[in-house]
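For what it's worth, the working numbering labels the leading residue of the sequence shown as 35, then goes sequentially.
Fair warning: there could be bad hints in the mix.
Claimed, not checked - Okay, the calculated beta carbon distance ranges per label pair:
1) D248 to K64: 48 to 54 Å
2) R63 to A132: 26 to 32 Å
3) Y120 to Y98: 27 to 33 Å
4) E62 to E135: 47 to 53 Å
5) V244 to R58: 33 to 39 Å
6) A99 to H210: 20 to 26 Å
Hints listed in this document are in silico derivations from the structure and should not be mistaken for laboratory results. C-beta atoms are modelled at their ideal positions from N, C-alpha and C, and glycine is treated no differently.
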Amino acid sequence: MLEATVTHSRRRSHHPRGQKRLPRETRERKMLEAATRVFARRGYHQASMDEIAGRSHISKPMLYAYFDSKEGLCRACIRQARRRLYDSINAGADAGAAPDEQLWLGVLAFFTFVEEQSDSWAVLLGEATAGVGAFARDVAEVRRDLADGIRPLLRAAVAAEGGDPPALEATQPLAHALIGAGEALADWWVENPGMSRERVARLLMNFAWVGFGDLVRGEIWEGNAGPVRGAG
């Protein structure tokens, strides 16, 4: 009995009252939050595992035990940022709205994500991982998913105007073009933060949807001839 008491006492001495062992999920979340902030501030190549471990209040060996490498840790941050972006867009969606209103809600949700979760944006589609070949496939999947969500809205708009074949054929590449325009505008906005998210989102809608509306109605720009009705 005495031996058991002494052993128990020694065990307790390693865990002072008030210091509880964090659940794995909580510890992992703290590491990902710290890593996302460091990657966003420093960029992938300049980010230090020592700094991430220090911000997480855990040891560097534990960081490697969870994620194996800096690349593995950054990829986990990308996956988390992707879930947050999709959750933001889905939360703002209204499947019963007209196609242009659905697109507006998605665009607004996108820029809300950029503003409110700027570190996640930087890691997902911003400067933090730009040009890092190891993550090219991860980023391409995000762009493809976003374009796949936009294309049905463009097709629905075409169908509402009678389903003009050239416009239908254009919906897939234009969906990708809209994603590219959204990314570029978001990057500009991060560097020039004077506009509200609503104004930035409206700029993209007017740039993309108004021009697309002309295409749907059969107006195609033909160089010096300008917009030509029914060309194609």
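Among all the numbered hints in the text so far, which are the ones the structure does not match? Violated hints: 2, 4, 5, 6; rest satisfied.
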